[in-house]
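Undergrad: Given next are the chains, with one letter for each unit.
Protein chains: 2
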Amino acid sequence: LEKSQAKLVNFTNMVISLGKDDPRRVIHSFKVGLALILISILQYFRPSFYAFGDNIMWAVLTVVLVLEFSVGATLGKGLNRVLATGLAGAFGVSIRRIASFSGDKGKAVLTSMFVFFIAGTVTFMRFSPRLKASYDYGLIIFILTFCLVSLSDNTENELLEVAQERLLTIIIGSCIAIVVSICICPVWIGQDLHNQIAGNIQKLADFLEGFGDEYFNNLGNTEEAAGDNKPFFHRYESVLSSKGSEETMAVLARWEPCHGGFRFHHPWKQYLKVGNQIRLCAYKIKALSVFLLRSEQTPYELRSRIQEPCTNISMESGMALKESLLILKHMTKSSMPNPHVANAKNAAESLKSVLRTNPWEGADHLEIIPAATVASLLIDIVICVENICEAVDELATLAN
Amino acid sequence: LEKSQAKLVNFTNMVISLGKDDPRRVIHSFKVGLALILISILQYFRPSFYAFGDNIMWAVLTVVLVLEFSVGATLGKGLNRVLATGLAGAFGVSIRRIASFSGDKGKAVLTSMFVFFIAGTVTFMRFSPRLKASYDYGLIIFILTFCLVSLSDNTENELLEVAQERLLTIIIGSCIAIVVSICICPVWIGQDLHNQIAGNIQKLADFLEGFGDEYFNNLGNTEEAAGDNKPFFHRYESVLSSKGSEETMAVLARWEPCHGGFRFHHPWKQYLKVGNQIRLCAYKIKALSVFLLRSEQTPYELRSRIQEPCTNISMESGMALKESLLILKHMTKSSMPNPHVANAKNAAESLKSVLRTNPWEGADHLEIIPAATVASLLIDIVICVENICEAVDELATLAN
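From first to last, the protein sequence lines are chains U and B.
Position 193, counted from 1, in the first sequence is what the working numbering calls 193; the numbers after and before it change by one each time, with no gaps.
Position 240, counted from 1, in the second sequence is what the working numbering calls 240; the numbers after and before it change by one each time, with no gaps.
These are computed hints drawn from the structure, not numbers from a lab.
A hint or two may mislead.
Note: identical chains are not told apart, hence a pair may lie in one copy or across any two.
Stated by the list, open to error - Here are the simulated BS3-like pairs of lysine-lysine, each with C-alpha atoms no more than 30 Å apart in a straight line:
1. Lys333 x Lys269
2. Lys20 x Lys322
3. Lys20 x Lys132
4. Lys345 x Lys286
5. Lys243 x Lys273
6. Lys273 x Lys333
7. Lys243 x Lys132
8. Lys20 x Lys329
9. Lys273 x Lys7
10. Lys345 x Lys243
11. Lys7 x Lys132
12. Lys7 x Lys269
13. Lys269 x Lys286
14. Lys286 x Lys322
15. Lys273 x Lys322
16. Lys269 x Lys3
17. Lys132 x Lys3
Pulled out of the complex, with its shape left as it was, chain U reads as follows (with noise of 0.2 Å):
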């Protein structure tokens, strides 16, 4: 009894962190059960100009497969669909009259021919990765259109209405799906990529901020690693794994019109640039976090000797994340350079010069490597943030 009880007690915290996380999905599981509804109150109160018949049906089935969480996913859905229909619809009553002209027999085997070879076909196009990445709900949907139109038993005419019938049904069923999904609190994937990318700069930064402090100091934070407030050392991380949801939304981000600051034609494929430089330099941050945890290795008496230019260095660097992050909230470019960017150049410029004075000249080397090590991370963080700020420029210029 005391275990389920537990397990109940787990379910539901799931249940409200899942909420918490993201008060949006909550939300979202409104909007499907309102789509629906929708849906059976126009089964109800049937239009008198058009007999629904049995094909509320796939009123219903379109609504509860195009509803995504997001506008983007919705739109992307919804047009395949209605599209896919439509060309599958016609291209198999086609084959069906071109089949038709040879004979009882020969029409089932034409028809099979074609069904064998064109969903073949289709089937290998949805491995081709640019049509996968938008199309890929749709040429489905061609495939299943195609072989119910060619497979069904119904002579043409009959074929023909239920195929119109479908299609409008189809049309209604996305149209409800498209606006509960842009009218009642919209989920914009493509502001949600901003807030991803920006976030993740965001992360950065805090690191390269905290960094110097941490390391030369030893403020001892770095035993808080346990518990759910991970520290700045350790919130980067998720950087550098987030390659492949980047990569979703900017593709789903492409079917969004014109929403809030963004244009239908935002530069979207700008993230993905943004993003590619953000986890190099996070790769460099990763590398870097190691000699936090070691910097005793390491007296303090040498590491001490670099402790101005490698404080300077991760304070501008972090600083240059965070103007670059008021150019992407702002999405203008400033007239002047970043002045944090030539600041870290210029640390990064004394580091060096401190180094050419062979600072620890006499003390052990296994002892001084760590701590040279950082220097060299450090030296090549800043030609990475400056990359970052480049290519965050670079999209601000594309949104004008």
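Place chain B on chain U using the hints.
TA: Chain B in isolation, oriented as in the chain U frame:
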């Protein structure tokens, strides 16, 4: 005209390379065509004991949607579809019976309320990452079937008959899809996951085995980066973003029955752990690879002082990974510990003792920093390689 000709050539090349990259894609397309022909034969020689009627449609729908590239995905979708349809059908019929107690108008209102509530709840459940991974398709089909049954116009007796026929048709469709998927050149996603992990280890091993020569002897291969044949120091890059695909494969692999060397309860989760260790090593290698292009920043004379231990570390690490590959291939943990891991650790110790002799005494610190960083990263990589080997050993133990 020339433009369209060029496009056609491009398109043909793309199609050919799609097929060449993975010939199983062509076979899969044939399989889909074949499954649909099986359905159309079934319809033509309609079994006398069972009047499919228009329900043949559901078999087509099921085959098109369920027959996926891999056996795991097909089995998962097929089982999800059958179970969800059965459950949702039974549930929908009960709800209709409950609603029918409250008069004609009450019934419509009550049904709508149930649809709203149930569809909303199940939609919300789809956001749970754990349910989404394995049962997303089942949850959608549950909503779909439940709404179709609840909103249907038919009387209860008609409905029960239709529901039975449809369930049977869906079972037949799923069975055809599963049989075709398993019996004709099956694509086991578990095998694919195994191969991908092995391939990733191979890529790291190639990098490490090649690194020493390239960095210290400057073979100049770094120029070959262009062209299709990526050199060893770029091939590992695909490992960096492999997390998503590995997770998807591991989820699908769990549906697969015993095949080849894999049991039904093969430890697929352990593959993810191995994959994570591989990625941690790849991040380090990413940081290391920067120095391949910049080896000339440090005069050869300075580099040569750590050449022997560094070359040993990278060579032995690469060989340790290849030894681990053999364990992965035969899935039998060898009784002796991996000798190359011990060698690599020894090489790391001897690198440390070389460093203790302050090999670069008097040299410009700015010049020694890249070499020092390479040394430091190589010492870290030995730990990563050891972790990979341990994870593979654990996998081999769990698999038996």
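Undergrad: Could you tell me which of the numbered hints above are not met by this structure, giving the numbers in increasing order?
TA: none
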